[in-house]
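Number of protein chains: 2
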Amino acid sequence: MFPRLALGRLLPSRSRLSPPRPHGKSFIHRSELKQAKRIVVKLGSAVVTRGDECGLALGRLASIVEQVAMLQNQGREMMIVTSGAVAFGKQRLRHEILLSQSVRQALHSGQNQLKDMSVPVLEARACAAAGQSGLMALYEAMFTQYSICTAQILVTNLDFHDEQKRRNLNSTLHELLRMNIVPIINTNDAVVPPPVPSSDLQGVNVISIKDNDSLAARLAVEMKVDLLIALSDVQGLYDRPPGVDDAKLIDIFYPGDQQSITYGTKSRVGIGGMEAKVKAALWALQGGTSVIIANGTDPKVTGHVITDIVEGKKVGTFFSEVKPAGPTVEQQAEMARHAGRSLASLLPEQFSDASIICCLAELLTEKKDEILTANKRDMEMATSSGRFSQALINRLSLSSSKLNSLAIGLRQLAVSSRDSVGRVLRKTRVANNLDLEQITVPIGVLLVIFESRPDCLPQVAALAIASGNALLLKGGKEASNTNKILHQLTQEALSVHGVSDAVQLVSTREEVEDLCRLDTMIDLIIPRGSSQLVRDIQRAAKGVPVLGHSEGVCHVYVDSEAAIDKAIDVVRDSKCDYPAACNAMETVLIHRDLLRTPVFDQIIDMLRTEQVKIHAGPRFASYLTFSPSEVKSLRTEYGDLECCMEVVDSLQDAVDHIHRYGSSHTDVIVTENEETAEQFLQQVDSACVFWNCSSRFADGYRFGLGAEVGISTARIHARGPVGLEGLLTTKWVLRGEGHTVADFSEQGSMKYLHENIPLPQGVFS
Amino acid sequence: MFPRLALGRLLPSRSRLSPPRPHGKSFIHRSELKQAKRIVVKLGSAVVTRGDECGLALGRLASIVEQVAMLQNQGREMMIVTSGAVAFGKQRLRHEILLSQSVRQALHSGQNQLKDMSVPVLEARACAAAGQSGLMALYEAMFTQYSICTAQILVTNLDFHDEQKRRNLNSTLHELLRMNIVPIINTNDAVVPPPVPSSDLQGVNVISIKDNDSLAARLAVEMKVDLLIALSDVQGLYDRPPGVDDAKLIDIFYPGDQQSITYGTKSRVGIGGMEAKVKAALWALQGGTSVIIANGTDPKVTGHVITDIVEGKKVGTFFSEVKPAGPTVEQQAEMARHAGRSLASLLPEQFSDASIICCLAELLTEKKDEILTANKRDMEMATSSGRFSQALINRLSLSSSKLNSLAIGLRQLAVSSRDSVGRVLRKTRVANNLDLEQITVPIGVLLVIFESRPDCLPQVAALAIASGNALLLKGGKEASNTNKILHQLTQEALSVHGVSDAVQLVSTREEVEDLCRLDTMIDLIIPRGSSQLVRDIQRAAKGVPVLGHSEGVCHVYVDSEAAIDKAIDVVRDSKCDYPAACNAMETVLIHRDLLRTPVFDQIIDMLRTEQVKIHAGPRFASYLTFSPSEVKSLRTEYGDLECCMEVVDSLQDAVDHIHRYGSSHTDVIVTENEETAEQFLQQVDSACVFWNCSSRFADGYRFGLGAEVGISTARIHARGPVGLEGLLTTKWVLRGEGHTVADFSEQGSMKYLHENIPLPQGVFS
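Which chain is which? The protein sequence lines are G and V, in order.
Quick note on numbering: numbering that gives the first Met the number 0 labels position 123 of the first sequence as 122, and the sequence is numbered without any gaps.
Quick note on numbering: numbering that gives the first Met the number 0 labels position 196 of the second sequence as 195, and the sequence is numbered without any gaps.
Among the clues, some could well be false.
No distinction is drawn between identical chains; accordingly, a pair holds when it is met within one copy or between any pair of copies.
Said to hold, decoys possible - Simulated crosslink set (DMTMM-like; lysine to aspartate or glutamate; CA at most 20 Å straight-line):
(1) K426 - D698
(2) K483 - E509
(3) K36 - E736
(4) K541 - E512
Honestly, the hints are just simulated from the structure, not real lab data.
All chains, full assembly: derive it from the sequences and hints.
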């Protein structure tokens with residue numbers, strides 16, 4: 000047969016990896032794992048054999064094989080250390096025993112032996128021998144689907160102690176790797192000493208054989224492996240036994256951290272308890288192999304657990320020799336929440352003249368040169384990288400005047416936000432001496448993710464500070480120098496009141512997706528950037544609310560009684576003022592009566608003059624003899640000098656069109672008929688509804704909210720442009736004199752009054 | 000060998016199904032599919048062979064085998080119609096051709112033939128022949144893991160036309176099923192006529208052979224199969240080509256609906272376009288087999304698509320001969336939204352005297368006898384079923400006096416809610432003749448899921464009506480008669496203003512999980528029931544916010560300066576008034592200074608008298624010589640006459656404990672020191688914080704909110720007890736005279752004023 004090596008060179012998907020890291024140094028960051036060339040995947044017996052509700056072990060095994068095959072076909076050298084032959088053989092032998100027992104049962108009919116028969120006693124080494132061939136056949140059949148050859152290697156730990164045997168094994172494995180074959184390694188259970196009984200395989204009195212954790216670790220070091228992935232039925236290493244209050248999965252484990260761990264009892268299957276796994280992992284790490292312990296049985300991740308790990312995602316526990324400087328993002332969130340609580344408790348006076356926000360405004364002016372120098376460095380790197388558009392580089396740029404207006408904005412915010420926190424919204428006398436207040440409080444910890452524009456940072460920080468919220472900021476890599484100094488200045492301002500930890504800048508190395516999963520630490524996520532960013536975050540955020548909107552399909556409806564000049568002005572401004580904005584018009588709806596009137600012609604002429612490309616809606620197209628391109632979808636957000644034009648029969652028709660194809664963002668009517676206008680404003684179910692003015696007014700600044708964190712199209716909490724108020728929630732404070740609910744029962748002595756106590760200042764502003 | 004039948008009887012997981020339905024009648028509801036005994040699973044070639052990013056075809060195939068094996072082991076008779084041999088053989092043959100070509104390349108070195116080689120031209124029938132054995136070997140290997148035998152059957156459509164051949168096939172298959180063997184059926188591609196070329200297998204110029212849809216349908220009817228599951232790479236049948244605006248997946252398809260469908264172009268792989276699939280499905284349906292077309296390639300569902308279908312979940316498109324009476328739940332949601340918009344637009348006057356809510360209150364009194372008769376029927380059924388606890392039966396029961404107080408509550412709500420919708424919260428003069436208002440509007444469509452208590456229905460309906468929201472109600476089966484009449488009365492009241500569709504009662508047959516997935520139709524889900532129900536719904540709701548709380552771990556902190564009588568009263572009431580409530584106390588925190596004082600002894604005595612079982616927190620336990628049982632977790636919600644007692648050193652210690660172990664629901668301090676109390680009220684970050692009064696006051700009625708829809712521990716939108724306000728959102732209304740944003744630019748003629756216009760009534764109440 001022609002050597003496989005030649006074929007390997009021909010397969011199109013096989014691309015070469017970058018050269019392997021210098022031997023003897025494990026990786027420091029997960030993000031470096033992409034470079035791992037030689038990888039051992041260790042499958043615990045729970046991974047190979049135990050079924051669960053959502054798909055039994057076979058499907059799990061198949062998707063693991065798929066991932067290994069994919070990585071192998073990327074040019075990596077994959078090895079598998081497998082457990083499971085015992086359980087595999089158990090299944091097979093039980094089958095045979097049941098068969099022979101059912102013969103016996105037929106002979107002894109009348110005696111009920113069913114109970115005995117369902118739990119035949121099997122010897123582990125016999126099971127292993129019987130299972131090994133079936134397991135290998137399965138691996139072989141599966142890998143064949145990816146044109147990958149496998150080879151069976153059976154070893155015992157003793158083989159590593161004998162120098163000659165070790166060399167032999169080493170050269171055999173190297174030869175297999177050279178030929179692009181995936182070695183599948185298992186313990187040679189048939190030749191190990193007789194096992195001690197235990198009952199750790201569910202339901203069957205079977206016996207375990209020596210664990211594979213140390214085997215995998217030895218093999219990894221012997222073969223100078225870059226990465227050892229140990230999969231079992233635990234998520235990774237916890238700081239205390241899982242299930243105990245506050246047990247936390249450790250993301251990165253350093254050898255020095257070992258004292259901080261409390262181990263629990265051993266896992267149900269296999270004898271490799273967590274302590275043994277950690278010991279093996281540290282041994283491999285010392286030998287220069289990076290190690291990850293992760294769950295290979297979780298149906299939610301099985302299909303991509305290995306590839307996720309190699310891509311550097313936060314899965315399981317990563318063992319690293321070097322502790323990087325600075326806190327982890329979880330620690331940052333904890334520090335922020337803590338400092339945020341102090342921030343929220345600062346008395347209103349402390350917010351006033353010498354306030355944090357005023358101080359930050361001051362610093363922006365004072366440290367102007369340093370900021371602009373840092374910004375210049377970011378600009379140069381962005382320009383020289385050649386990866387960014389001019390538009391993005393413009394957004395990245397700061398200037399002296401930009402910093403000035405930023406400072407002015409902050410000072411205004413400092414004034415207007417003076418008593419946003421702790422404001423009483425409602426006061427009720429529940430009963431004599433039992434008074435209830437509903438007061439404003441911060442939401443908690445905000446995560447704001449922003450792209451390119453570094454001027455976002457002080458604005459968002461000021462809004463968070465003004466509302467007493469803690470803040471995690473995740474900026475774009477391209478603005479990292481500017482963001483760093485702006486964050487330093489923010490912390491300097493916060494330190495005036497000893498709460499500098501309340502605003503944290505998250506490392507650019509952190510994946511947005513991983514941040515979104517910190518659901519117990521973050522209360523609200525605010526993405527500021529492209530609609531793609533928002534959509535990605537909405538998808539990634541599990542259990543944490545996301546404030547924002549992913550779409551802005553805004554309409555302008557030109558009624559039959561529209562004033563011609565207003566129609567022209569509003570349509571022009573709505574579409575052309577800034578076509579990329581979410582509040583720009585995408586569809587203009589024209590009342591049928593206007594067709595073939597001067598109004599219609601003038602709108603068309605104006606759009607042509609402004610070089611707006613018109614797409615015709617289906618009804619509009621049917622009226623035309625000439626034909627502009629017809630729309631593909633009436634829900635398109637063009638974000639450019641393009642729009643859709645459609646004809647409607649009536650106000651009701653316009654409203655129905657907006658409800659059907661709109662995104663409930665901002666919709667406008669142009670008419671001189673007040674009654675029609677009020678009907679439109681009442682009926683259209685969007686965050687912003689406008690009469691005779693441009694859709695572009697939908698904006699926090701233009702609404703007079705001061706700064707804005709974004710525009711929300713959600714139907715709960717904040718809707719439309721969101722300023723300070725959207726960052727507040729409420730809490731109920733009840734003050735009594737030992738009141739009990741029993742006092743108010745039918746036999747009780749008290750009665751509910753529920754008197755509304757008027758507030759000194761009632762307007763919600 | 001011993002016959003497998005005997006073994007089948009022995010395997011513990013094998014349980015017998017109920018007898019098959021009478022032949023020739025397909026199922027009418029998805030929920031009946033659980034009874035399907037004989038099932039054909041048809042796998043399109045996309046399912047068997049095409050890989051995707053999240054796991055290639057092999058893993059998919061393995062999990063399909065697992066599901067089929069599970070159903071087979073439940074005692075069902077499973078058959079598989081498989082495609083994919085062509086693509087399987089293609090893979091194998093391409094491999095061989097590449098090998099031989101690389102030899103040729105070695106001979107002709109210098110000439111670059113790589114491009115040609117990567118796309119060898121393969122003949123489909125040869126591919127099928129080469130692939131068939133590999134595919135069968137794979138099925139065999141996989142099914143063996145579940146102790147299931149398979150058999151290979153190759154047929155052509157012509158075999159069904161020859162009477163003798165058909166009888167032979169029929170008896171062979173029956174014999175296989177009798178022996179508990181899973182037949183795997185494929186077309187005998189090697190003997191069919193030469194195919195016509197096409198290019199529908201990605202990247203390779205290969206040729207398709209006759210589709211398997213009609214084969215599966217023929218087989219299903221011939222074998223009197225109960226259910227045919229046809230899996231391919233589409234979600235099911237859409238009412239128009241997928242991707243077009245508003246294309247909707249059809250849940251249940253009736254033969255008469257065929258005119259309402261627009262078919263798109265054929266799917267990428269295989270020649271079975273959607274039209275052919277529907278034709279085959281209708282044919283099988285006519286023959287008495289129920290059919291479902293679903294996606295077998297979606298990584299999110301692959302692991303359970305077949306078992307979900309058999310469990311009656313809403314997956315793919317279900318073909319049914321009989322159209323059940325009444326609208327689907329999607330139609331109900333649509334009707335409710337539409338009528339809800341009319342409801343919200345009713346002028347305030349229409350809400351007043353002859354209001355819908357007052358009318359409903361009247362009807363509750365007027366139709367008392369009918370309501371109580373229906374309720375009696377539910378009670379009798381619940382009692383005789385023996386499945387319900389006495390507590391639940393009590394909650395199910397209505398009485399004349401309960402109806403009276405319900406009516407009184409509704410009338411109060413009618414008065415207090417008079418202008419909740421359309422209320423102006425903020426008014427700003429943005430510029431001359433450009434005025435902005437923020438007004439209250441309904442959230443939209445609410446889904447309220449409630450258990451047992453039928454008195455929920457009119458309360459929730461009244462709150463929804465008062466806030467102008469549309470409502471979908473899903474009640475428990477045990478209260479179906481009572482709910483039905485209460486809903487009829489609600490609709491009668493709504494019909495006064497022609498909006499009877501605004502409140503819809505969802506069929507008890509609908510699965511809660513399916514309802515939670517209607518994310519484009521429902522704006523807010525409100526579960527009213529056990530914390531388990533809330534948790535389940537929070538898990539199931541994808542993209543729809545859920546208002547509620549799943550935990551209530553409330554604390555009472557007895558400070559060192561607590562008054563003894565208040566401490567006793569508050570702790571007793573908080574724990575004992577109604578221990579199962581979410582606002583009952585779970586942990587009492589005692590200041591260290593109180594240990595071995597009379598206060599401490601009296602609290603202990605009181606709890607003993609009230610028969611409250613005390614669990615000691617770790618610090619408390621360390622102080623004790625006698626030892627009550629120690630807590631397992633400081634986060635336990637006992638919901639019974641049990642509580643945890645723990646010692647704290649200080650106010651700060653108490654606050655830290657509450658933040659760490661509490662659920663941010665309701666927390667109480669008992670102290671005479673006002674300063675300490677205010678610190679507690681300020682620092683504790685819970686929805687409700689109380690001073691010297693019972694935690695049981697955390698309740699919408701006791702707070703004076705009128706009715707409540709629940710208590711929220713969310714940090715956005717509504718927090719704490721939620722009344723009418725929590726069912727409202729806002730919209731921004733801007734009225735201008737042709738204003739454009741350009742007018743306000745540096746060159747423009749206008750300036751922003753942002754004047755706050757005072758409101759006549761400012762209190763948010």
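I want to check one pair: K36 and E736. Are their C-alpha atoms no more than 20 Å apart within a copy, between two copies, both, or neither? Neither, since 70 Å and 67 Å both go past 20 Å.
20 Å Cα cut-off: does K483 pair with E509 within a copy, between copies, both or neither? Answer is within: at 15 Å inside a copy they meet the 20 Å cutoff, but 54 Å across does not.
Given identical chains, is K541 near E512, meaning Cα to Cα at most 20 Å, within a copy, between copies, both, or neither? Classified as both: same-chain Cα gap 10 Å, cross-chain 17 Å, threshold 20 Å.
For K426 vs D698, is the C-alpha pair at or below 20 Å within one copy, between two copies, both, or neither? between (32 Å within a copy, 15 Å between copies)
Taken one by one, the earlier hints fail for this structure only at number 3.
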